Amino acid sequence: MRETVRDLIRAAGGGLLIGLPLLYTMEMWDHSFLLPSWKIVVLLGVAFVVVVGFSAVSGFRRERSWAELLIDSVETMGIAAVVATVAMLLLGRIGLETSLRDAVGKIALEMIPVAFGVSLAGSQLASPDDDPEDAEAQGSSVGDGAGVGAFGRLFIAGGGALLFALNIAPTEEPLLLGVEAEWWLLLLVIPATLAVTFAIVFYADFRGGRSLDAGDSPLDHPLTETLAAYAVSLLVSLLLLWAFGRTDGVGVRAIIGQVIMLAAVASFGAAAGRLLVGGSQQQQQQEAT
Amino acid sequence: MRQNWAEWATLAVSVVAVVGVIGALTLDGIFTDAGPPEPVVELQVDAAYQTEAGWIVPGTVSNDGGEAAEAIVLRATASVAGSEEENEITLDYLPAGTRVEVSFGFSAEPDGEVTVQTIGFRLP
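Top to bottom, those sequences are chains A and B. Here our numbering is used: the first residue of the first sequence is 1, the next is one more, and so on. Here our numbering is used: the first residue of the second sequence is 1001, the next is one more, and so on.
One thing to keep in mind: the hints can contain errors.
What the hints assert, rightly or not - Derived Cβ-Cβ restraints for the label pairs, each shown as a range:
hint, chain 1, residue 1, chain 2, residue 2, range
1, A, Trp-183, B, Gly-1054, 45 to 55 Å
2, B, Gly-1112, A, Glu-180, 49 to 59 Å
3, A, Leu-17, B, Thr-1060, 31 to 41 Å
4, B, Leu-1011, A, Gly-215, 33 to 43 Å
5, A, Ala-199, B, Glu-1101, 51 to 61 Å
6, B, Thr-1060, A, Gly-249, 30 to 40 Å
7, B, Arg-1075, A, Tyr-24, 31 to 41 Å
8, B, Asn-1087, A, Leu-90, 34 to 44 Å
9, B, Ala-1047, A, Leu-91, 26 to 36 Å
10, A, Arg-6, B, Glu-1038, 47 to 57 Å
11, B, Leu-1011, A, Leu-91, 25 to 35 Å
These are computed hints drawn from the structure, not numbers from a lab. Computed from a predicted structure; not experimentally measured. Backbone N, C-alpha and C define an ideal beta-carbon position, used for all residues, glycine too.
Okay, chain A solo, but in the shape it has when bound (with noise of 0.2 Å):
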């Protein structure tokens, strides 16, 4: 019992440490009622796949079935939901002259990055001792994703490429520094991205880092994932743009321009999502050799 508040303390914590930034970004208040409702619920499932695959991913409570992870998951989101409302109303963004609509839009998108949060606090930011029965079974949570495969990873550089990119996409900054970027300004970003996230998670020896040593899997490889990586934060940052309809109307150059310089924010949540889950496989490798 004291347990379960605890936990939801911490909970709200984790989340609003993550999501009071956009919070306290007008553009997530006022696409609230640019953006159409299925858009926002679009993002919302989104964010729902991130947070299941978090989850699943992370070493919180592993020896769970699915059902449980899903309800783990909704509950995550049920959370965000509750401390973005309050956030709302306590800042004043949502009042009595508030349409519904305008309401729950603004509870959506806000509570995407909050649940973000909720979901970090459930197992990154726990503490290991925090139970004694459950401690095993987290380990030392950082740095602890045992069987977390190239996919896997991937899907966390993805989440993190999320994260990060969530706090920029909404502003107006991607659409100028994109559309007055000349294109070989755009292309020198591209290699500078991809040197930085690659020294950070290969070489800065960070704690999760990595060594440059290949795995099995062709994704294994530094360079490969490094490459790969970039590409979910291409992806990212696309999604994201057009959701918060920044690609209507506009240019394809434009549009390329604008991914491009996301992409550099998205690659760093991309890469310190892979440090978060670490090197597993290496370490694993080491402790078998």
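Since the structure of chain A is provided, determine the placement of chain B on it from the hints.
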């Protein structure tokens, strides 16, 4: 797995919140006919007041249409002490079904009726 009432309560609230948000949006998407924006201005002439800078007439702008309007320009016209006075305000956004409070200023109390015209707006 769900051992106590607090966990059940969390689950119940979560399901209600998630179903509520997605349900409301889906229903809105399916059933609301997204007509064009229709800004409607209502002035509260009775609530007008004198300031050092002039006469202020408050009012509200609501959007009876189905879509939001952006950068709405409203022009109020009235005759003050025999001469025609005109002033404009711009609203950044006017979401569908939402009411925004506005105020128009005049140099003194207008003689007759204050008329407000929608000059234009952008569609998001």
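- Task: Sort out which numbered hints this structure fails and list those numbers smallest first.
- Result: Per hint list: zero violations.
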